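So in my numbering, the last one in the sequence shown is 574, and the numbering has no gaps at all.
Calculated from the structure, these hints are not laboratory results. Computed from a predicted structure; not experimentally measured. Any given hint might turn out to be false.
[Claimed, not checked] Simulated crosslink set (SDA-like; lysine to any residue; CA at most 20 Å straight-line):
#: 1; residue 1: Lys-513; residue 2: Glu-531
#: 2; residue 1: Lys-494; residue 2: Asp-476
#: 3; residue 1: Lys-517; residue 2: Met-492
#: 4; residue 1: Lys-487; residue 2: Asn-528
#: 5; residue 1: Lys-490; residue 2: Lys-534
#: 6; residue 1: Lys-490; residue 2: Lys-517
#: 7; residue 1: Lys-487; residue 2: Leu-514
#: 8; residue 1: Lys-511; residue 2: Ser-544
#: 9; residue 1: Lys-513; residue 2: Leu-481
#: 10; residue 1: Lys-490; residue 2: Glu-520
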Amino acid sequence: MGDPLSPKLFHAVLEFVFRRLNWENYGININSSLLNHMRFADDIVLLEDSRAKKLKYMQKTIAEESRDERLVMNANKTKLITKSSEVNIVVYGNMLEYVKENAYLRQILSPDDSVSKEINKGIACGWNKYWLLKKLKLWI
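Produce the complete structure using the sequences and hints provided.
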């Protein structure tokens with residue numbers, strides 16, 4: 435993938451795959467809109483709030499549509515997080531690993547209140563910088 439055109443082609447094909455998916459009724463409700471996935475480069479997060487069956491369907495359809503375009507999901511790098519009970523999902527003969535939380539773009543994703551943890555971590559970091567600068571008397 436050393437060619438600078440390769441990432442652009444990959445993203446164009448991935449966009450084509452997502453446009454073919456029929457996921458209008460899938461996802462989590464955010465301000466009366468359903469968010470069913472997040473993408474950055476080749477990292478994809480599928481989001482479904484209600485049932486494990488729907489999540490299985492989403493994974494199955496994206497794997498099938500991707501395979502049609504010769505894109506293959508790496509089951510070893512794929513993690514599974516749910517709000518309810520653990521779900522068994524198999525990708526290309528490999529069982530997906532179930533985890534309680536996972537980092538995505540340096541943010542912790544988990545079904546519990548990890549957002550508060552992230553916010554508190556950011557606030558603490560800000561106060562640490564404040565006191566460091568105050569000790570150094572770098573205030574203008």
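To see whether the hints hold, each was checked on the structure:
1. Annotation: proposed proximity of Lys-513 to Glu-531 holds, straight-line Cα distance about 5 Å (limit 20 Å).
2. Only pairs whose Cα atoms come within 20 Å are accepted, and Lys-494 paired with Asp-476 is accepted, the gap being roughly 17 Å.
3. Straight-line distance between C-alpha atoms of Lys-517 and Met-492 comes to about 16 Å, which keeps the hinted pair within the 20 Å bound.
4. Restraint check for Lys-487 and Asn-528: satisfied, since their Cα atoms lie roughly 18 Å apart, inside the 20 Å limit.
5. Of the pairs offered as hints, the one joining Lys-490 and Lys-534 holds, with about 18 Å between alpha carbons and a cut-off of 20 Å not exceeded.
6. A hinted pair counts as satisfied when its Cα atoms are at most 20 Å apart, and Lys-490 with Lys-517 qualifies at roughly 14 Å.
7. Note on Lys-487 and Leu-514: the hinted pairing holds, with a Cα-Cα distance of about 13 Å set against a maximum of 20 Å.
8. With a CA separation close to 17 Å, the supplied pair Lys-511 and Ser-544 stays within the 20 Å bound.
9. Only pairs whose Cα atoms come within 20 Å are accepted, and Lys-513 paired with Leu-481 is accepted, the gap being roughly 12 Å.
10. Under the criterion of a C-alpha separation no larger than 20 Å, the hint pairing Lys-490 with Glu-520 is consistent with the structure, at around 12 Å.
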